[in-house]
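Undergrad: Listed below are the residues making up each chain.
Number of protein chains: 2
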Amino acid sequence: MSSAPHLFDEMPKPTPAPMPVDLSKYSKRVLLKTILDRGDGGLGLVDQRVVVGGWVKSSREMRKDHPPAGGDAKEATGGKDVKCVEVFQSRIPFLRTIIKVFGGNTAHTKEKLESVLPKPATPSISVLQISDGSSIISFQIMVDSSIAPPSQLMPIGTCILAEGVLQKPSLQGKHAIELKAEKLLHIGIVDQDNYPLSKKSLPLARLRDCTHFRPRTTTVASVMKVRNGLNQASHTFFQNHGFIHVEVPIITATNTEGFSDIFQVSTSKSFAKEQKKEVSMDDTENISLETVKLSIVEKSKKVEELKRSDSNKEALAAAVQDLHKTNLLAAELEARSKSKSKSKSKTESIKTGDGFFSNQAFLTTSGSLHLESCASALGNVYAFGPRFQADKSESRKYLAEKWMIETEMAFSELEDAMNCAEDFLKSVSNWVSENCYENLYFLSKRVDKTILDRLNSLASTVFEKITYTTAVEVLSKVTDKTFETKIHWGVALTEEHESYLVDEFYKKPVIIYDHPKDLKPFNVRLNDDGKTVAAFDVIIPKVGALIRGSQKEERLNHLTKRIKELGLKKDQYEWYLDLRKQGTVKHSGFNATFDVMVLFATGLNDVRDAVPFPRHNGKIHN
Amino acid sequence: MSSAPHLFDEMPKPTPAPMPVDLSKYSKRVLLKTILDRGDGGLGLVDQRVVVGGWVKSSREMRKDHPPAGGDAKEATGGKDVKCVEVFQSRIPFLRTIIKVFGGNTAHTKEKLESVLPKPATPSISVLQISDGSSIISFQIMVDSSIAPPSQLMPIGTCILAEGVLQKPSLQGKHAIELKAEKLLHIGIVDQDNYPLSKKSLPLARLRDCTHFRPRTTTVASVMKVRNGLNQASHTFFQNHGFIHVEVPIITATNTEGFSDIFQVSTSKSFAKEQKKEVSMDDTENISLETVKLSIVEKSKKVEELKRSDSNKEALAAAVQDLHKTNLLAAELEARSKSKSKSKSKTESIKTGDGFFSNQAFLTTSGSLHLESCASALGNVYAFGPRFQADKSESRKYLAEKWMIETEMAFSELEDAMNCAEDFLKSVSNWVSENCYENLYFLSKRVDKTILDRLNSLASTVFEKITYTTAVEVLSKVTDKTFETKIHWGVALTEEHESYLVDEFYKKPVIIYDHPKDLKPFNVRLNDDGKTVAAFDVIIPKVGALIRGSQKEERLNHLTKRIKELGLKKDQYEWYLDLRKQGTVKHSGFNATFDVMVLFATGLNDVRDAVPFPRHNGKIHN
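Going down the list, the protein sequences come from chains A and B. Position 453 of the first sequence, counting from 1, maps to 453 under this note's numbering, and the rest follow consecutively. One gets this note's numbering by counting positions in the second sequence from 1 and adding 1000 to each.
Some hints here could point you the wrong way.
As the list claims (entries may be wrong) - Using 20 Å as the maximum straight-line C-alpha spacing, the simulated DMTMM-like pairs for lysine to aspartate or glutamate come out as follows:
1) Lys397/A - Glu496/A
2) Lys25/A - Glu1413/B
3) Lys1581/B - Glu496/A
4) Lys25/A - Asp1423/B
5) Lys1025/B - Asp423/A
6) Lys1465/B - Glu1496/B
7) Lys28/A - Asp1423/B
8) Lys1542/B - Asp1503/B
9) Lys486/A - Asp518/A
10) Lys619/A - Glu1574/B
11) Lys1028/B - Glu496/A
12) Lys581/A - Asp1191/B
13) Lys28/A - Glu1413/B
14) Lys531/A - Asp423/A
15) Lys1025/B - Asp518/A
Think of the hints as simulated: they come from the structure by calculation, not from any bench.
Chain A with its partners taken away, still in its complex shape (with noise of 0.2 Å):
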């Protein structure tokens, strides 16, 4: 092709035909990331005709007899302007080699989102931008009035399908494209007087209020998009670790009888029967009543105090039966010593099944029972689905439903588990870094602007590795802080403990082990010091306690022992026990709570804002 190169160099090139625009695969329109995301924010797409939808973030409207191009947008459009984030995002994708520049002068922009206006007398042109979740970024459409009236299309949330040719922008430095609508093929219109979103500037708080519209706004949408970045990050670390995803039951018969807290389930015909607790009243005969009101509060000191270390549920359980037990003998001894009758009843009968399980049936607190099971068979495996409290705590990560990673290791011991953990937080922090940083960038800027640095810091730093002890002589020497509850061995550590140790004496993850066996639950195993348990908590700076493992006990006399001490039902457990009779092997693991792993990535304070719809204590509105 030497031949005549000056030719062919100096004929007038066709105009190049647009590549056409994918279609989104199932639907019939072009998904807005597809001409938003592109390295030239959509330019080379000038003059295609295109079918795109979504949901107005901002609108204004331009009168027709003001010159609509050149000049500052604000000056050419004459009507109402719309200042919001919404169109500083749109600059994002032409801009995107110089984004950091823009640094943080929209994080009090807020969503400022404005809304419409009467129809005019004159012809105009609503300039709406929308969104349809598929990019952070907006689009514009430009609707002449003659279409529709400005007044049906302007409102924020609004929802349009609409046919048209992509063009250069008509005012300058707003878009690297935008779309003249032809022809709306559906309006979905919205009264703003009731609907949540029209208010400017609406806080997370607020937001909790309507979570069936709050995903229409870009912080939410974001959230969302990180959480998903985080669910495909963690099932990737497992699978490509050779780990088998197991669902793990719901409705579950093992749990045990002194917690308070956990949700009982029945079909709702037979949503009736009282249920009676076991209550087993030995060697009371020679118990003073005094003895025992002492010891009442004790008891209750410490589980006022377990309840606050939110650490251990079992030894919480454990904790409020010894004390309800011991209410009941001082009760009965103080009925005794008014009546000097014998009490009758040693023990009540419990009430069982509702007719649909012929036992009592829970929802789960959490999986690892029965994780372990398939561990003692397939070797790595992991659970992801929901766990359920029943506190009425008001903890910011606390909620009566919430989405945990549980994940079980045979052949493995506590070193093991707390080495796959910080790999684990490590590989997601990474993985949702790289792949949602649009996202994440966003949310740096309106909620945190530190989520990066941190994702970036905890996948680079050695995660400080201590003993319960350790920490306890650390906290034990500072003199600069005041700790609202005192620190000695034994006491369970709190947030304050923790964030101590990690914000401000080691400043990055900490992972601490070793606890002391009353601080954790039944199944631990036990140290050869015979006080300490094979546990470990990872704590991150900011969010606290993130991962709590440990190497399970596999030996059967000290799962019986401990069964026995803490006053558990050993009949519940039977199935549990099994496994150490029958080829047992030594095993470990952990668990996350992937909701806090949310409000990690996102910097967001309170979990209510980080799941899609929260439950907790109160009315469930859907």
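Given the coordinates of chain A, assemble chain B onto it according to the supplied hints.
TA: What follows is chain B alone, placed relative to chain A:
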């Protein structure tokens, strides 16, 4: 490097040291698949020192006074021989390329697991086949009786962690490699009399009584790995197509009162208050008792029909409620005719809340409504989680707790959802065929020899798409077969009808769409004919309905009309109706019962064998 090549060629080559075997990342041993799944079956690792662990799948004892090497294994041992499928399995890696020639020979040897002998007087070697869950193939370990007595090691299910050296097999022809144990780091003994898997050829139905042990059988382990594969394949499909994963709530307030089959959630403390049904009895004055009694007969028939069809929970709920009201009406009329007095109460109050939630809380039967709210913001979304029904049905496909995949797409219509459902099933079938081949191959020998063909055929066949009306026409013309439920337009298709269409008539997957509106949920979009709705079912050979989907009703007036017609409680749906009032969008989606997908892929017949811990009517064991 062309100098003196001959010299180098003639020099004696040092035996290359075998490459070290990778340790399992989170335990200090070598995963068996690292050895067994190599192309050479592990042969290249001879002389390596390794630690391996696992559970004994079969065993035999070999007396040392017989020559160990050469000749047939059976002759060589002199001890008792266990002919079991795991021995066959052990040949697979070595003979992978000619695997198909083995054909069905092993299909009828079913888990003949033999066990233990008393300790012999003479020195002997325990020959153990172990599995650690990482590979479908067993691994052979030789343990001299001086290290541990055979009586302790040989019971099926014994867990061992052994250190030793890899060597060529002492017994010709059985394995590519074996371990000569030098040290046992752990033995988890088995009490044979109480270990359910000690028994030979345990059928799957019997294994349901020991869900905590059954993944130790190769069959159940394979099922769980295919299940894991389907999970991964599903996430992969949706993520590749830009769907956002959303965790829809398990505890919900949105449920149809008329349902007889939902679970109620309460805290155990408040498990007391009887719930009273709302009974509204208007227009009772002018109806005769006889008319009402006739109507009860009709309505009972309809309920039974809907129950059999398993297709439409809302229609069933409406029918049940309708019947319930009619019964109440009859009772009232009867009472009135006796006492001649007017009924006092028109409407009784509902008892709501349980102290934790201030209104009634249920376990969700479907995440579809909540997904719609997310789709109306994010575009394409999907959910993967547990769903609940309290039916006491005896179907092989029914469980009280089941895992579902649900998806919803904005700007999408019926056809889009049908295409997506078809692509989804094809993609998933392809994925598991490629990634779970060994487990599928094993299951094809043990459970159903057609599974690989069925998966491949599903992936390559264009599904037949017919309307409900066409389906009824086809079924009406059938003369060589009598259906239990007589077919006519308006009747719900039963499993028998569906099976005829896919297995005998079309001989491929069939999508049946445009069903009568009374057979489908209240929120399916009404077609222009006013009597059918934009719903579809995907019927697959052998398993029947696997996916149900629809385009949702986006028009407020149609939806409110339908809610009224079916007697649903409008106030429970306020938030859902909001989605139609504020920026409504056309949208469609579908749900797939994940557990039934496992039936399809594994060839199993009963869903209780396809989930790790089945939950159905009766006692829950764990």
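Undergrad: Hint by hint, say whether it matches the structure.
TA: Status of each hint after checking the structure:
A C-alpha spacing of about 14 Å is found between Lys397/A and Glu496/A, which places the hinted pair at or below 20 Å, so the restraint holds. A C-alpha spacing of about 12 Å is found between Lys25/A and Glu1413/B, which places the hinted pair at or below 20 Å, so the restraint holds. Distance restraint check for Lys1581/B and Glu496/A: the Cα-Cα separation of roughly 46 Å exceeds the 20 Å cut-off, and the hinted pair is therefore not satisfied. Between Lys25/A and Asp1423/B, the direct Cα distance comes to roughly 10 Å. Compliance with the 20 Å bound is thereby established for this hinted pair.
A hinted pair counts as satisfied when its Cα atoms are at most 20 Å apart, and Lys1025/B with Asp423/A qualifies at roughly 10 Å. Simply put, Lys1465/B and Glu1496/B have alpha-carbon atoms about 19 Å apart, close enough for the 20 Å limit, and the pair holds. Between the alpha carbons of Lys28/A and Asp1423/B the distance comes to roughly 16 Å, so the proposed pair stays at or under 20 Å and holds. Between Lys1542/B and Asp1503/B, the direct Cα distance comes to roughly 7 Å. Compliance with the 20 Å bound is thereby established for this hinted pair.
Distance check on the hinted pair: Lys486/A and Asp518/A sit about 18 Å apart at the alpha-carbon level, within 20 Å; holds. Note on Lys619/A and Glu1574/B: the hinted pairing holds, with a Cα-Cα distance of about 14 Å set against a maximum of 20 Å. Restraint check: the Cα-Cα separation between Lys1028/B and Glu496/A comes to about 36 Å, which exceeds 20 Å; the hinted pair is violated. With a C-alpha separation of about 7 Å, the suggested pairing of Lys581/A with Asp1191/B holds against the 20 Å cut-off.
A hinted pair counts as satisfied when its Cα atoms are at most 20 Å apart, and Lys28/A with Glu1413/B qualifies at roughly 9 Å. In summary, the hint linking Lys531/A to Asp423/A is not supported, as the alpha carbons are separated by about 29 Å, beyond the 20 Å threshold. Distance restraint check for Lys1025/B and Asp518/A: the Cα-Cα separation of roughly 31 Å exceeds the 20 Å cut-off, and the hinted pair is therefore not satisfied.
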